[in-house]
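**Q** These are the residues of each chain, in order.
Number of protein chains: 2
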Amino acid sequence: MEISEIGEAGLLQLVFPYCLPGTVGDDAAVLAFRGENLVVTTDVLVDRVHFSDQTTSAEDVGWRSAAANLSDLAAMGAMPLGITVGLGLPPNTQVQWVADLYRGLAACLERYGTGIVGGDVYRSTVRTVAITAFGRVESSAVIRRDAAMPGAAIVVTGDHGKSKAGLELLLDLNLGQDLNLLDRQELIRAHQRPVPRLDVVPLLNKLQPEFVAGMDSSDGLWDAIAQLCRASGVGARIDRSAISINPGLWGLTERPINWVLGGGEDFELVLCLPLPTAQALVTLIGGKAAIIGQTTATPEILLIDDGQELLLSSDSQFQHF
Amino acid sequence: MEISEIGEAGLLQLVFPYCLPGTVGDDAAVLAFRGENLVVTTDVLVDRVHFSDQTTSAEDVGWRSAAANLSDLAAMGAMPLGITVGLGLPPNTQVQWVADLYRGLAACLERYGTGIVGGDVYRSTVRTVAITAFGRVESSAVIRRDAAMPGAAIVVTGDHGKSKAGLELLLDLNLGQDLNLLDRQELIRAHQRPVPRLDVVPLLNKLQPEFVAGMDSSDGLWDAIAQLCRASGVGARIDRSAISINPGLWGLTERPINWVLGGGEDFELVLCLPLPTAQALVTLIGGKAAIIGQTTATPEILLIDDGQELLLSSDSQFQHF
Chain A
37 MEISEIGEAG
47 LLQLVFPYCL
57 PGTVGDDAAV
67 LAFRGENLVV
77 TTDVLVDRVH
87 FSDQTTSAED
97 VGWRSAAANL
107 SDLAAMGAMP
117 LGITVGLGLP
127 PNTQVQWVAD
137 LYRGLAACLE
147 RYGTGIVGGD
157 VYRSTVRTVA
167 ITAFGRVESS
177 AVIRRDAAMP
187 GAAIVVTGDH
197 GKSKAGLELL
207 LDLNLGQDLN
217 LLDRQELIRA
227 HQRPVPRLDV
237 VPLLNKLQPE
247 FVAGMDSSDG
257 LWDAIAQLCR
267 ASGVGARIDR
277 SAISINPGLW
287 GLTERPINWV
297 LGGGEDFELV
307 LCLPLPTAQA
317 LVTLIGGKAA
327 IIGQTTATPE
337 ILLIDDGQEL
347 LLSSDSQFQH
357 F
Chain B
37 MEISEIGEAG
47 LLQLVFPYCL
57 PGTVGDDAAV
67 LAFRGENLVV
77 TTDVLVDRVH
87 FSDQTTSAED
97 VGWRSAAANL
107 SDLAAMGAMP
117 LGITVGLGLP
127 PNTQVQWVAD
137 LYRGLAACLE
147 RYGTGIVGGD
157 VYRSTVRTVA
167 ITAFGRVESS
177 AVIRRDAAMP
187 GAAIVVTGDH
197 GKSKAGLELL
207 LDLNLGQDLN
217 LLDRQELIRA
227 HQRPVPRLDV
237 VPLLNKLQPE
247 FVAGMDSSDG
257 LWDAIAQLCR
267 ASGVGARIDR
277 SAISINPGLW
287 GLTERPINWV
297 LGGGEDFELV
307 LCLPLPTAQA
317 LVTLIGGKAA
327 IIGQTTATPE
337 ILLIDDGQEL
347 LLSSDSQFQH
357 F
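So the protein sequences, as listed, match chains A and B. Residues 37 to 357 in my numbering are what the first sequence lists, from first letter to last. Residues 37 to 357 in my numbering are what the second sequence lists, from first letter to last.
To be clear, the hints were calculated from the coordinates, so they are not data collected in a lab. Be a bit skeptical, because a hint or two may be false.
Put simply, identical chains are the same to the list, so a pair is met inside one copy or across any two.
As the list claims (entries may be wrong) - Derived lysine to any residue pairs resembling SDA-like cross-links, with alpha carbons at most 25 Å apart: (1) K242 x R70; (2) K242 x F69; (3) K324 x R229; (4) K242 x R172; (5) K324 x E222.
Construct all of the structure, not just a fragment, from the sequences and the given hints.
**A** Set out below in structure tokens:
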């Protein structure tokens, strides 16, 4: 049987039993180390699967690779210690592409006070950027997916759907003719230079919520909500009107909400925590952050739109295979 | 310009300036963490570059991948905490291949009391196994390449050239007709199931040498000696007669010493330390370990063979591009 027949979910089911108990199933692994925790996450980008010369410069590939991994650390409540880079290159790769890639990696990492601490370069038939990021977090501050209690407020940072919109603009130059230049740049930048929400980690540490569950929205906002609910054994009621939709999206697609819920790669955080702490967190974050609903004891995930309850499948997720 | 024109050395020169100072150039990066050290190393294997279905079963690819990374930890004096696995797969990969790979990984890791703690599976055009291993080591016990003093004894563990011999036997079924079955199996096993020398780490901790420099011999015994000398600013006199040559090699090649010095992938340790501690270490290791020479204040690396001094180039190394 081929892996295309079992899909990504089947593949993960296959490999999980070979992993140490309690280490997989979250955005990153958490390992006890001298009374603190080491957090480790790996993410690999492959040419023509995760990036392409058409939409992403080498510098942007570097930035995005670093940002995606730092986002996984933020999703665990961890601050970064460093990353390693495994770089697979066909021999005819341009030297300039490699230099630009590292400049993008270093620029993103420097912004968050961390850097590259090692790696491996190797020959391959396809350009491949394999990053492992590690960070640290106190045991009491680890954010897991399975810790949501019923009745928790669901907080979402930032705008969703912007990365998808930016990608579509890059792929179709005829799209968004009515978009003003600043809005267009903002959307494209959201795709090329996503910002990991490490800024939220110290705010959470300050608030010390009674409980917190969370993950990042790299595979889409809806996927994050569904995964948090599944892992925690809860459901959710999401208020459609509380979800912000970037005005720029309206001119690009008839149903912006689909891009907001399913676009992916926005690298924002989705957190479940007690309502008072959630309200305090939204205030501390300032600007773009909102409570978009609450978790429920029943397992359904409902989208409340104009007073109508829509039952959404919790199985929707980005399929890598 | 293409990277094939600057080679692996040129590529490393290009990327090093983007790495945090003091973290690259050894078998692994060392990061201070709560008064101890976190050691991190990354190694990537690609189908048809580092392994092939012809010579390596999926289970062996798994074992070798894990062993190579654990060997890098041993070379830093560190004991393993865990590994992450980034696995790139074409959609038509057999499910059984993936299961066998993980079984091989887990078997090797279990032997050393560690395991897989996370990873990423992704679609690629070529099977790729990207491993990051992390371990821990007290600051006083870190083994770096640049710490060799002149007059140090050079200790080599195990037999070299066996992995190369095993590979040649797998590639050419007509080779080694006179070899008895046990010797043949030993050589093939050396290639398929290399053993990282984590057993040496606690012995070194027990001896607490005044200084120790070292690395593993994954790119060949001669390369390891040359790299240690370069990093430490010393030379070496190597006694050819002190280097063990596995008897099985004699029937396979006219010049076994070439395979011993240049074969690579034996994953043994090459260590420079004061003579008395070196002698004690060889005794503690028992069996296959030997002092094969000493470091010198002059930078040349000499191979002493039958009383003749051969000056060997220190530039010989495995070129990945």
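**Q** Hints the structure violates: just list their numbers, smallest first.
**A** none
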